[in-house]
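Numbered per the numbering used here, the sequence shown spans residues 1030 to 1119.
Simulated from the structure, these hints should not be mistaken for lab results. These numbers come from a predicted model, not from an experiment. For glycine and all other residues, C-beta sits at the position ideal for the given N, C-alpha and C. Some hints could be false.
Ranges of calculated distance between the beta carbons of each label pair, as one might list FRET restraints [unchecked claim]:
no.	residue 1	residue 2	range
1	Pro1072	Thr1107	20 to 30 Å
2	Arg1085	Arg1065	33 to 43 Å
3	Pro1093	Phe1063	54 to 64 Å
4	Ser1092	Ala1064	27 to 37 Å
5	Ala1066	Val1099	22 to 32 Å
6	Phe1063	Val1099	23 to 33 Å
7	Gly1050	Ala1083	34 to 44 Å
8	Ala1064	Thr1107	54 to 64 Å
9	Gly1109	Pro1072	45 to 55 Å
10	Arg1103	Gly1079	49 to 59 Å
11	Ala1105	Ala1083	22 to 32 Å
12	Trp1059	Arg1085	30 to 40 Å
13	Ala1086	Ser1049	38 to 48 Å
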Amino acid sequence: MATIASSSASPLAHRQPPESGFLAEVRAFWRLFFARAFDPYRPELHYMRGPGPAWRARHVAVSPAVQSMVAEIRAAKTLGPSTPGPSAPL
């Protein structure tokens, strides 16, 4: 059987209250300044590298023969099933 005990000797219990006054404001300013000025996180180096392989697969340049076939198929689809097409042998 496990027993869980709570104690008030945690590091959070011994933390000092936040400073107030001019010196605290100056320290907070410089801490924030250095954190933002020298932040090593630069998302443009990692995430914004252009299109990936999935985009290239969708937008690949097709040959003129394939383009004409695609155009014919799209035209046939827009005309609907009422146009006579080749009949399948029975």
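Against the structure, test the hints numbered earlier, and report the numbers of the ones violated in rising order. Violated hints (numbers, rising): 1, 4, 5, 6, 7, 10, 12 and 13; every other hint is consistent with the structure.
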